[in-house]
Amino acid sequence: MAPSVLGFGISHASPIVPKDNVEGVQKALEFMEKDMNASPYDWEMFYVEPNMDFEPLIKKLREREWDVAMVGMGLRIAPPLTVFFEKLVNTLHKELPNARIAFNTSIESTQEAVKRTLELEL
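Here the sequence shown is numbered in our numbering, starting from -14 and rising by one per residue.
Hints are not guaranteed to be accurate.
List of simulated lysine-lysine pairs, DSS-like, C-alpha gap at most 25 Å [said to hold, decoys possible]: (1) LYS4 x LYS45; (2) LYS45 x LYS19; (3) LYS72 x LYS44; (4) LYS79 x LYS44.
Rather than coming from a laboratory, the hints here were simulated on the basis of the structure. In this text, all values refer to a predicted model and were calculated from it rather than measured experimentally.
My request is simple: use the sequences and hints to build the entire structure.
Quick look at the structure:
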C-alpha cells in the first residue's frame, strides 16, 4: 500500500495571495497536484486559511491513518503566518502522533520532501 500523504498549503484563491501572484500560484499548485498524483504516494491536498476554523481540518486528519503531513513552504516563510503555522504544526503533532511531518522548500520539491521524511532514521 502506498504511503498516505496529506498536504497543507494556501490556495491561489486565498485573499492573502497578492493579486499579481494569483496566476503564478495557481500554475504552481496545478503542477504540484499533477506531480504528486503521478508519484508513488497516496496524495491529498487540504487548503488552509489563517483565520479558519480548525474543526474541518481535525475531521480530515481523523478520516484515516496518514503516514506524512506535508506542510507547504508558503505557510512557513511569511512572518504574519507564524502563529497560524505553529498552531497547524501542533495540531498535526497532536492528531497524527505516528505521522511524519515534511516541509518542502518549493512546489517542485514536494515529492523529494516526502521521500526524505519517510527515509529518516528515527
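Handout entry: Pairwise hint evaluation, LYS44 against LYS72, where the allowed Cα distance is 25 Å at most
Key = Within the cut-off at roughly 16 Å; holds.
Handout entry: Pair hint outcome, LYS4 versus LYS45 [Cα-Cα no greater than 25 Å]
Key = Violated, at roughly 29 Å.
Problem - Straight-line alpha-carbon gap LYS45 to LYS19, limit 25 Å - result: Between LYS45 and LYS19 the Cα gap is close to 21 Å, so the pair holds against 25 Å.
Problem - Restraint status (C-alpha distance of LYS79 to LYS44 at most 25 Å) - result: With a Cα-Cα distance of about 13 Å, the restraint between LYS79 and LYS44 holds, given a limit of 25 Å.
In the structure shown, a violation is registered for the earlier hint numbered 1 alone.
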